[in-house]
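**Student:** Residue numbers (our numbering), protein chains in the order written: chain A, 1 to 317; chain B, 318 to 633.
If you are wondering where the hints come from, they were derived from the structure by calculation, not from laboratory data.
In this text, a Cβ means the ideal position worked out from N, Cα and C, and glycines have one as well.
Possibly wrong hints are sitting among the right ones.
[Stated by the list, open to error] Quick list of simulated restraints, FRET-style, between CB atoms: (1) A/Tyr50 <-> B/Phe348: 53 to 61 Å; (2) B/Lys620 <-> A/Asp153: 35 to 43 Å; (3) B/Ala452 <-> A/Thr87: 56 to 64 Å; (4) B/Phe518 <-> A/Met89: 48 to 56 Å.
[Claimed, not checked] Covered by chain A, according to a simulated footprint, are these stretches of chain B (three or more residues, beta-carbon under 8 Å): (5) 407 to 418; (6) 603 to 610.
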Amino acid sequence: MSTAVVKRAGAPAGRSGHGLARHLKRYWQLWAMVLPATAFVLVFAYVPMYGIQLAFREFDFTAGLTGGRFVGLKYFQQFFDSPMFATLMRNTVLISITTLVLGFIAPIILALLINQLVRSRIKRWVQTITYLPHFISVVVIVGMLQVFLSPSDGLLTRLLASIGISGTNFLGDTGSFVPVYVLSDIWQHAGWNSIIYLAALAGVNTQLYEAARIDGANRWQLIRHVDIPALVPTMIILLILNMGNVLNTGFEKVFLMQNTLNLPISEVISTYTYKIGILSSQFSYSTAIGLFNTLINFTFLVLANRIAKRVSDTSLW
Amino acid sequence: MTTTSLSSGRSRRARRPHSRRRRWSSGERLFDLGVLLACALVVFATLYPIYFVLIASISDSGAVATGQVVLLPKRLSLFGYEQILGDARIWTGYRNTIVYTAVGTALNLAVTLPAAFALSRREFRPRRPLMLFFAFTMFFSGGLIPTYLLYKDLGLLDNWLVFILPSAVNVYNLIIARSFFENSLPEELYEAATLDGADYFRFFGTIALPLSKAIISVIGLYYLVQHWNDFFTGLIFVRDYAKQPLQIVLRDILLSNQAFSGGAGGGGGSGGAYAQRYADQIKYGVIVVSTLPVIVVYPFLQKYFEKGVLIGAVKG
Chain A
1 MSTAVVKRAG APAGRSGHGL ARHLKRYWQL WAMVLPATAF VLVFAYVPMY
51 GIQLAFREFD FTAGLTGGRF VGLKYFQQFF DSPMFATLMR NTVLISITTL
101 VLGFIAPIIL ALLINQLVRS RIKRWVQTIT YLPHFISVVV IVGMLQVFLS
151 PSDGLLTRLL ASIGISGTNF LGDTGSFVPV YVLSDIWQHA GWNSIIYLAA
201 LAGVNTQLYE AARIDGANRW QLIRHVDIPA LVPTMIILLI LNMGNVLNTG
251 FEKVFLMQNT LNLPISEVIS TYTYKIGILS SQFSYSTAIG LFNTLINFTF
301 LVLANRIAKR VSDTSLW
Chain B
318 MTTTSLSSGR SRRARRPHSR RRRWSSGERL FDLGVLLACA LVVFATLYPI
368 YFVLIASISD SGAVATGQVV LLPKRLSLFG YEQILGDARI WTGYRNTIVY
418 TAVGTALNLA VTLPAAFALS RREFRPRRPL MLFFAFTMFF SGGLIPTYLL
468 YKDLGLLDNW LVFILPSAVN VYNLIIARSF FENSLPEELY EAATLDGADY
518 FRFFGTIALP LSKAIISVIG LYYLVQHWND FFTGLIFVRD YAKQPLQIVL
568 RDILLSNQAF SGGAGGGGGS GGAYAQRYAD QIKYGVIVVS TLPVIVVYPF
618 LQKYFEKGVL IGAVKG
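Here chain B stands alone, though its shape is the one from the complex (with noise of 0.2 Å):
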């Protein structure tokens, strides 16, 4: 079922021209062409804001706030990017942000993927009532104050681990993972390798975890894009301004306007005109500097989080 659905792309390519080789009138003509057009409405509208953030950085501030940036950017200045190149800030957000998402990524795979094939082996009784354990977290919870309070006692308030011990598992990334070490590790590998005398932990080290590394990149994609866009934690349990992780810092500066009041400049506090004409400025500069990792990477990996989702779909 999954893996016939996974590779269905092919199915599903050549299934189309031939349908429409049976009709071709004007109207279906019409209607393709109506089809693409609502497509291409939908591309501009989801990729203009992010080109235009791209062009308005590098563009004149002043070029930029009377219209004139539209297509392309209009006298370049590398202002903006020179201001947050300057900021001890964003590097330290960017770094904290980088060990967490390194270590919390490498934390959740470590804890994750053994759960997850352990729940998957059918003849592990308890795996049902493990399961129900699990995934009663994914409904009810304990709510927030209840949760600092726990963290408080832990020692884990302004501590870096808060970050990384708490998000160990995700349960939805669990099911994900369980979902397909159910589905596409043959049993018959399993009964082989036992014939050569293999345990579970060797099935699963030189077995299982070789042949799963799809599932592997899915949910370490999930991870690492939960860690890297993790905002929560830091507004919360972290007070220490040197633990912040980069979001932290994106809201001090895209929504707070504590746009380098202090070091753009010496009155840069009240500086009226000028912080205000180079705030947005730094603003477009941030947001790509902030978001261009996780855009660059993407388009790669673009195809695993398809197989990834659709495999926690077809078998919750």
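Isolated chain A (complex conformation) (with noise of 0.2 Å):
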């Protein structure tokens, strides 16, 4: 794109005007209509990040955020060495590689479907109604579960007593916490998480089909030698920003799904997080339990870029 400097009429010429008088006597509208969106950011994520050094800091009620006398590593060594850290860890990495892994793949495959489907009619359709469960909010989706999955009359325990599959109270369990909470996910979002994969698809040149079929490609070899290939960007993509997600395993479901019986599987970081902190008050050692999180967060997303870079060329910066 050209980056032609377009002038305002009566405006001093030239790009290379220094002063921030000028600068501002020009763009000043431009930072009008950052401004607010700036503010906000600036308030509502900048400034907790600023309260961070609480978890350095022994909380002190009258003293404000960060009033608090400072305590060092206290609170992370505390972290350490409870007996939740090894659980928690091994639950957080549980869920989230999972999702990662099976939620990654689902929407790929969705799409390589749909992408298969002559009738564009039908397409649409099937397009249509994939996506829907994605608006669908938490709440209904693990209410849903929970009527589905009620060990007395649930439809789906009921569906699985007739393949055997029976005496499971799935909801209280810690052995099918995992799966209900992933195979949940990908039916609620793999429909939505394909668009994009879809749109890589339709990217592809048709030259490059043409020829395979030349070349004497069956439709499954089209597949595997144009389509899948052509994903792969998005995909690395795709992965890179999941990957910083790992431990972030979502508060809201994860939350919604415990009780007293999974308890052993479905504490999480974020959901101990929310409890200690909100619930009990220990503010600064929940400050620092949440910061251990985003440091790992941020560093999976950063080796994953890095590898990626080195790997395929593509990375997100």
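Now that you have both chains on their own, put them together as the hints suggest.
**Tutor:** Spelled out as structure tokens, the structure:
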């Protein structure tokens, strides 16, 4: 794209014009437009980042966010030493890695499948329907899980019993928590997440198909050798983005699915942070755990990006 | 790049039958059949749970519990809906959510669109550092407690503004809108406007916005759904039940089994069989009542959603 510098009528020429005054004179309107958003982000995203220092301080109700006594890594140490540490790490990693892997593969398969549909009317319908669950709220999703998986008369419980899987209280069992969580997540989001892959597939040069056809490729080979390679850049970008969330296991859904029976497997870092922070007011300790979580997320993101860059020339930055 | 990929639906449509005509072996036909079957399965698995909730909500709860309701509602009963209609909590939640969604989305658009436009202007030098400033918050955050304490200091706890102000800008939506402005407004348009003496405000208001209905509806809907489904804010920052949004009320009815224990007849609290029998029907009804607005609106707007995702995807 051209970087044409458009001159306002009457404004002095020259893009190299130095000086803040000149810049502001010319661009004050753009500044005015971007300022509200900047202010909101500054207040609601950056001020809390400033408040992270609470993790290194003794919280003091009278002194406020940053007035407490500095205690260094005390709270981190406390977290690493606590018996909860191993459980939380195991649960969080287990749930998020499973969701990451399966939730990543499902939309790709779905997109490849939809892309194979010949009639565009049918394609439209399939897409419309598979996107739908994405717009249902988490609360309703978990509510649906509860009625479908009710041990006494749930629809799915009965269905599973008819194929021989019975006697499990799916929502109150440590063994079935992760499968239920992940599968329902796929049910809800795979369709929606496939949009981006469908877009990538729509952008594939038709000549590639023609050429492969002439070389005698069948439909399956077209998928393997044309479609899938075409998706790789998109896959990498999305994988990197998801990596940044590896430990950020969706608070809402896990929290809503929790009950005393499945707690040994369903307590994750984010729900624990909420409980000890908001419910039992251990502000500094909770902040430290939250920060630990964020740092690991960030490390994952940076690492994934670096690897992707080296391996495939595709990266976020 | 963007504009072409948006209209590619047509070329896709044209391409497939063409490439099929080349080879029409029985293997191909079998393949197509397999694809069709697999898709039918996916569609069924997606749709049936939703459909079941719908028919279960208008069937007699006894029939549902014994598995007689499979394809069609049995022994029509609107008991669940009668209970829901008579329950004040749901309507308070509904009203709150509608207010938060309307005001919130309006503020979202008022803040996001101008910012996205400013950030799309290539001659605006600070746009790169500003983008970094915004994008960084997608990957790093202060965490729950510092956020909580900030809201407390700002007086946002138990204040309805907490549903509106902190979520005023969604960086992802900002980036989508910026990409749209960048790619879909021809530079010549801007040049012509400036020749006519338009400044940025004028250009934005009278030219850019009217040409951007697609993106306005896309991110407007993103924001709308985000507000409608917001559960977290109410859970953590609001204690006053009269201010709670629909999702919190739903949680109480659907998950905490506080289903009409007080309202549904005298001995509802420990009404055993009675409560148990109708709790599920009420749940089905509540799911329908709370989700229907989104599901009804959605198919009409679906094509816009796709556009939005594409725009966001092509140029980050």
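**Student:** Taking the hints in turn, state whether each one holds.
**Tutor:** Hint check results:
| no. | hint | result |
| --- | --- | --- |
| 1 | A/Tyr50 <-> B/Phe348: 53 to 61 Å | holds (58 Å) |
| 2 | B/Lys620 <-> A/Asp153: 35 to 43 Å | holds (40 Å) |
| 3 | B/Ala452 <-> A/Thr87: 56 to 64 Å | violated (34 Å) |
| 4 | B/Phe518 <-> A/Met89: 48 to 56 Å | holds (52 Å) |
| 5 | 407 to 418 | violated (count 0) |
| 6 | 603 to 610 | holds (count 4) |
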